[in-house]
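*Asks:* Sequences listed follow chains E and U, in order. With this note's numbering applied, the first sequence corresponds to residues 22 to 302, in that order. With this note's numbering applied, the second sequence corresponds to residues 3 to 341, in that order.
None of these hints come from the bench; they were simulated from the model. Be careful, since some hints might not be right.
Unchecked claim - Subject to a maximum C-alpha distance of 16 Å in a straight line, what follows is the list of computed EDC-like cross-link-like pairs (lysine to aspartate or glutamate):
no. : chain 1 : residue 1 : chain 2 : residue 2
1   : U       : 29        : E       : 196
2   : U       : 29        : E       : 195
3   : E       : 154       : U       : 54
4   : U       : 147       : U       : 176
5   : U       : 282       : U       : 82
6   : U       : 26        : E       : 196
7   : E       : 126       : E       : 195
8   : E       : 76        : E       : 64
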Amino acid sequence: MRERRSIGSTLFGILKYVSLIAASLVALIPVVVCVLTAFKTNEEYESTSVLTLPKNFLNFENFAIAFTQADMARCFLNTGIVLVVVLFVSILTGSMLAYVLNRFKFKGNAVIQNLFLFASLIPGIATQVTVYKIMYTLGLINHLYGYMIVLMGTDIISIYIFLQFFENLPVSLDESAIMDGCTYFGVFFRILFPLLKPAIVTSMVLKGVGIYNEYYMSNLYLQTKELKTISTALYTFTGPYGNQYNYICAGVLITIIPILVLFLIFQKQVYGGMAAGAVKG
Amino acid sequence: MSNPQTAAVSTGKKPFMEWLKSRKGQKWIVIFVFMLVPLVLLLLFTYLPFAEMVRFSFYNIKYTETPGPKNYVGLRNYIEVFKRSECFKSLAVSLYYMGGAIIQLALALFFATMMVFKVKGSSIFKGCMFFPYLICGIAVGFIFKFFYARGFVLDSILQMFGMDPESIPMWLQDQSINNISLAATSVWRYTGQNMVLFLGAMMSVDADLYEAASLDGANRWHQFRYIILPSIKSIVVLNLILSISGSLSAFEPPYVITNGTMGTGTYFVIMNRLAHENQKVGLACAMAIVLLAIIILCTVGQKLFFKYAFDDGTSDESKAAVRKRKRAEKAARKGGSLA
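Isolated chain E, as found in the complex:
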C-alpha cells in the first residue's frame, strides 16, 4: 500500500515538473526568439535561421533605430504622464465614491451601484463609436487631457475593489472618529484612506497594466505624432518596416522592458493585487 502511493507520488512529481517546465517554455519561447532577432544585423537577419544566436549580443543598433524612429522618448513621457495623472485621480475618486456608497444610506444608492454594475457589462469598444462623437463635440480629441478624461471615465474595476474593501473595514472606526468631532471629510481622508493601502495597490496594478497597454482609445483620440503613447508608437512599425523583424522585435522589447523591470521589483504586490481583484465575485 505504502509502496503504491510512493510510486503514485513520484509519477505525480514528474508530471508536475514536466508540465510546468513545458508551460514556461511555451510562455517564453516567442519572446526569447524576439530577443535573439533584435540583436541581429540586417545581414545576419536575412541569412540565418531565426533560432540561431546573434553573433554579437552587444549590437544595440536596432534598438537605437527603433527608439529614434518611433520617437519613443516622447511616447514614454506621454504614457508616463497619463499613468500618473489617471492613477492618482481615479484612485482618489474611486475610493471616495466607494466610501459614500458603502457608508451612507440614501435614496438612489442601490440605483447608482446598479448603474456601475450594468456599465461593466458593456464592452468598451462597442460604445467608442459614439464616445468619439462626444469627444469630438467637446473638443477633447488630440489633447492628452482628453484621453486622460476618457480613461478616468471607464474606471469600474477599481470602484469594485474599493467597495469590497470598505465592506471589511469596521464602521466603528468611523463612529469613534465622529464622536471625537471629526467631520466626514476628516473620517475619510485621515482615518480610512490610509487604511485602504492594499486596495490602492490592487487597483494601481490592474489599472496601471491596462493603461500602459491600452491601444484602441489612444489610437482614436491621440492622432498627432507628438501625442503618441507606447502602444500606438509601436503600431507605427507595421508600415515602414514590413518584414524587417529585427527592428520590430527591438521595438517590442523596448516596450516590454520597463514593465518587466517593474514586475520583477513589485512581483509580490502584483500577484497579491491580481488575487485580491479576483475575489470580487
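Once you have looked at the hints, place chain U on chain E.
*Replies:* Chain U only, in chain E's frame:
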C-alpha cells in the same frame, strides 16, 4: 463658517446654512462632493454614448457630418446587420475564441493545482507563465506575426523536430486553421494570469487542511475534488461568465495580426471597419446594440444556469437539493399536523 453678515442679509438662507452645518447637511455635502466626478464621468462616457448609440442605430450617419438633418432609416440598419453575411460569420469566429477561453481556464486550473502542492522554484514558473499578461496587445500581435510567419519561428521549431516543411500549413493564411492560431495567442497571453487568480483563491484555504487531508489518506484527486475545487468554485464560475462576453468582443489578435482579413474578422473588427473606414456609423451602432443584447442574454442565462445548478457557487448545496429538502420538510410538517 458662522458669518453674521450672510445671516443678516437674508433670514431665508439662515435655516439652510444651519442645515448645512448639521450632521445631516454634512452628510449630503459629502455624498454630493464625493460622487460628483465619477457619476458625471459615468454618465458622460458610458450612458450618454449608450443612449446616442441607440438613437444613431436608427439613422444613416457619418462622423464628419455637421449636426443637421440626418436620414432616419427606421429598422433598416438592424435588418442589414442580420442580412450582411460578414456580421454573422464573425459571430461564428468568436466560437474559436470561446473554445480558446475554455482551454485557457482548464489549463489555468490544472497549473494552479500543480502549484498548490509544493513545487521547487515555483516563483520562477509562476513568473514565466504570468509574464505574457503584461505585454501589450500590439506587442503580442507583432510577436506572433513573427512567430507564425512562413519559414520563421514556429516553422523552424517544427522542422527542428523533424517535421516536413512541405506539410506545415500557412498558420495565418490557411482559412481552416488561422482562427485557431489567433485564438491561441490569447490563450498564451491570459493563461498565466488566470492561473494566478485561481492560485490566489486556492491559497486562501488553510494549508493545514491539505496536511490533515493527506494524513487521513486522501489522495491528490480527493484533495482537488473536496478541498481545492470548493474554494475556487465561485471564481471559476465568474471567469466562465466573463469568458463568453470576452470572446464575443475579441478584438486585438485579429486586428493586429491579420487585420481581419482571410476570414479572421471578429465582430468588433468588422464593426470597427464599418464605423471608422466605411463611415457607416448607424450600421456600426446597430451592430453594437445587437452584440450587447447577445452578451446580456448570455450573461443572464449563464447566471441563472449556475444559480440553478450550483447556487452561484456560494453554497455547497445546490438549489435543486435545497428544494428537495424543503419539500421533504413541508411534507413532514403536513404529516405531523395531520396526525
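*Asks:* Could you run down the list of hints and mark each one as holding or not?
*Replies:* Hints, verified against the model:
| no. | hint | in the structure |
| --- | --- | --- |
| 1 | U:29 to E:196 | holds, 14 Å |
| 2 | U:29 to E:195 | holds, 13 Å |
| 3 | E:154 to U:54 | holds, 9 Å |
| 4 | U:147 to U:176 | holds, 14 Å |
| 5 | U:282 to U:82 | holds, 12 Å |
| 6 | U:26 to E:196 | holds, 15 Å |
| 7 | E:126 to E:195 | holds, 14 Å |
| 8 | E:76 to E:64 | holds, 11 Å |
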